[in-house]
Amino acid sequence: MKLTVEEQAMADGRRGPVLEFAIDLLTKAGAMHGAERFEPIEAAYVNTTFATVQPLHDLLVWLAGNRAQVTVPTYTNVGIDDPDNPMLRTDDYGRWATQQSRELRDLHKQVGCKLAMTCAPYQLPGAPGLGAQIAVSESNAVSYFNSVVGARTLKYGDFIDMAAALAGRVPFVGLHTADGRRATLHLDVAPLPDALAGDDLSYQLIGHAMGRKAGMELPALTGVNPGASPENLRGISATGASAGGVAMFHAVGLIPEASTLAAATGGNDVGTGNISAADILAARNEMTAFSQGAIDAVVIGTPHAPLSEVGMLADLVDGRAVKDGLPFYIQMNRFVLESARAKGWIDVLRKAGATPVADTCLYWRPQAHGLEGRVMTNSGKYAYYAPGELPVTTAIASLRECVESAVRGEVWNDPELDFRP
Amino acid sequence: MMALKSLVEGTASAPVLVLDAPISFWGGIDYLTGLIQDRSHPQNGKSIAGTCLVVSNIRGSGGTPGVLADTLRRGCGPAAIVIGYPDINTMTGIVVANRLYGSVFPMLLATPEQRAALVTGVRAVIDKDGSLALG
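Respectively, the protein sequence lines represent chains E and C.
For the first sequence, my numbering gives the first residue as 1, with consecutive numbering after it.
For the second sequence, my numbering gives the first residue as 422, with consecutive numbering after it.
Quick caveat, the hints were computed from the structure, so don't treat them as lab data.
One should not assume that every hint holds.
[Stated by the list, open to error] Computed cross-link-like contacts, DSS-like style, restricted to lysine-lysine with a CA-CA straight-line distance of at most 27 Å:
{"hint": "1", "chain 1": "E", "residue 1": "K323", "chain 2": "E", "residue 2": "K351"}
{"hint": "2", "chain 1": "C", "residue 1": "K426", "chain 2": "C", "residue 2": "K549"}
{"hint": "3", "chain 1": "E", "residue 1": "K343", "chain 2": "E", "residue 2": "K114"}
{"hint": "4", "chain 1": "E", "residue 1": "K2", "chain 2": "C", "residue 2": "K426"}
{"hint": "5", "chain 1": "C", "residue 1": "K549", "chain 2": "E", "residue 2": "K2"}
{"hint": "6", "chain 1": "E", "residue 1": "K343", "chain 2": "E", "residue 2": "K323"}
[Stated by the list, open to error] Sample of chain E residues facing chain C (criterion: CB under 10 Å; computed from the structure):
{"hint": "7", "residue": "T48"}
{"hint": "8", "residue": "F50"}
{"hint": "9", "residue": "D58"}
{"hint": "10", "residue": "W62"}
{"hint": "11", "residue": "A64"}
{"hint": "12", "residue": "Y156"}
{"hint": "13", "residue": "D158"}
{"hint": "14", "residue": "E217"}
Glycine included, every Cβ here is placed at the ideal spot set by N, Cα and C.
Isolated chain C, as found in the complex (with noise of 0.2 Å):
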């Protein structure tokens, strides 16, 4: 069990997907699919949908609360994002989602030494507090 700064309350179980590199949801992921459209990007093609997404840092634009929003709309963004920067633009997305599409989806700040533990495919349980337990 881990104790995590929740930045937006929720609750979600979801398996971990560890990016390796920052992510823009404006135009770097498929808001259709889910899938991780930059070229440039490491996991080019990997799916964020229903995942615990573990990531540096949401890089980006001011046009990052609509499109995140709108992968949460379609049910095809992830169910949890834990970020190790508290970017304004992430939280945002999240917020609004939450009070337009009933979704009680968490967003988490940990540290690189909490964020290294968490491993691709594992499934991570997160409480309403930001206490995360992998299971």
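Bound conformation, chain E alone (with noise of 0.2 Å):
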């Protein structure tokens, strides 16, 4: 790779010992993917908040040590420890893992990160906007923020994220160049039943359905419905990037970057394929273990939800009550939270017997008071990570499903959403 001077200065190690490691570690990411440069960054979001792995820990004390500071913007993803719900993890392990997030915490504060605590940074104000230049980690941020918003960057990994922070640049190769960011496969979706093609649900199955097709090409997505939200396609790219891998896709039609099919392709000849029918209602299934009987549980807002879907949500609980002592959890960043509190939704979903939690991931060991047994979510990612990291099985429904099975306590399936292709 070609460095500058500043960068030389600090692969010398004349900029000290922290921008020596962070050069070193992304000018050999940089050399395996090809990349002839850096290219400086916005503003960064670092994972490195993952309370469990000892690792994480030592580094940010290492860095902290050495009075080291991140030269961009940089927001961290979620911890352990919600201080507005301190009896949510509660067990030894529970305990331990909720300390340590602190410390955690503390330590991102020192290195100068800002403590968003959230997997949802793209809903904070000032957040980048089309062609910025950044550095992501979590998985349904890096797609939505490519695919949605027109930000670019690769899916980084632990310390690599905060290496790009400290550093303030990342090595111009993929996702961050034009040439890297066209589609490589266009996938038509198959028009859908009205009520369903109207719910959120409908794009978490489409985004599983991509996922699943995808492999390691960058999909085009034509036929997806022409009044999709920002807030909808997030379902898109959180279950694609879950159930696939997928850092960014084209909504043909729906976003700035790809107003036609060829557009998003650069006019190169790609491979062709369809989501059919058949395929939503499979992804459906995958993420369906139960269809009936009573539920243990129900989750809401992975990643972090939106205020729209906070709004949502209070209509459809006002006046009602979850059934006596079924957890009912809804996740979301503190900007939202306080949003939604300023319009009295806390309170109508508190008084409903909703649980609002805030800075962390309910899909996560140590496991959350609660959860164990038949969950409900209205989210693909929730539904396909949480059985593999704590005593549950999921089934995907749509939000009004989520709120009736909740009041009754058991599962209530909309008949509306219910199709045969």
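Quick one: dock chain against chain with the hints and give me the complex.
In structure tokens form, the structure reads like this:
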């Protein structure tokens, strides 16, 4: 890689051990990807807050001890601790991890990070826009920033995200470049029944099916409901990332970089396929371990719920009551939490027996209170990951189905969403 | 003697373990023991601790570096990795462990032909320049 004078000074250790470490990591990564130079970034989003992995803790202690400071605005992903819900994880492991999480949060503050503690940083005010170069690790945020916002990031990982935040730059390759963002696969989404097409559930299912079909390709989707909101497209980005590792997709006609299919592909000939109604049904079946009988908990907001979803949930539960003793969690970031509180929605949720949760993620161990057995969720990402982490089985459902089931304490299926291709 | 491409400089002398399928550190390796715990892996139950691990690729996620570094910290990780694909997360875990824990753990890129010459149980001696001798 060709280094600037400043980058060479970092590499030679003349800017101290922290930047020497950071640029070494980034240079090795760049060389492995075939990058020729670095590109400055505007912001970074780090995953180094995972409290139960000791080397993350050790690295942050080393950074803080060397008085390291990030050089671009840097936002943290979730931890274990939610200060508003001290009873969330109270067994021995939970208490230990919560304490670790607090220490790790303080260390991130010392190195200059903003304690956003969210997996949905694209919902924060002042988030990067079209064309911004950024470094992001959290898989759903990678795909949302690339696909819906049009900002540019690779899928980074532990430590290298922090190295990018410290050095303020990344190797200029892949999704950071115009060529690297062109679609390599065209998938046409089949028309769905109106009721399903109008529900956020359909986007969770499309994303899951896309993840299963995309492989290593960068898909362009045609046939997506032209009325889809950014919050709906978030369903595709989150589940495409969990089920298939998709770091970017083009929703043709819905996003700035893909006004047409030709714009998405750059005019290149690409492979074609489709997401049929049968694929959508298969996605729902794959994420449905039970379709009747009693449930043990409901989880909303993986990734953290947007304000619009909190509002919809408040409408649905207003004047209702979740079955006594049934945990009903809705996860969101603190900015959304305060906005929802100002609208009176948090009071409505609490009155109905729902528990707002911030700063953490409820598919991670240590297990949160009551998350065992049969868990219903409107999130494809939760349905996909939670059974591997927690003693649960999951069923994906619409937001309304989640609420009606929580009130009854057993699965309620919306007949309008039932379909057979 | 084989000249491999050095991705992370280091030295090692360790018995080769050739994996028949890619592995994920996140969830696939017990980081307390170094045993392969992925039930779908053909070498489930084998230990990677102290080996020169030869693998086509490390599967996985952005969580790879933390878990890999943790196995190296605990002394139950491999002694070297010879890989068929330049995986960034694997490299990162090694660079961080070398920095934090003072190890000199090497990572080498090998062609399929070079990997085919490496047989489980044979001792591999790796030098800083990426050369690998069998002995």
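Discussion item. I'd like to know which numbered hints this structure contradicts. Please list them from smallest to largest.
Written reply: 11, 14
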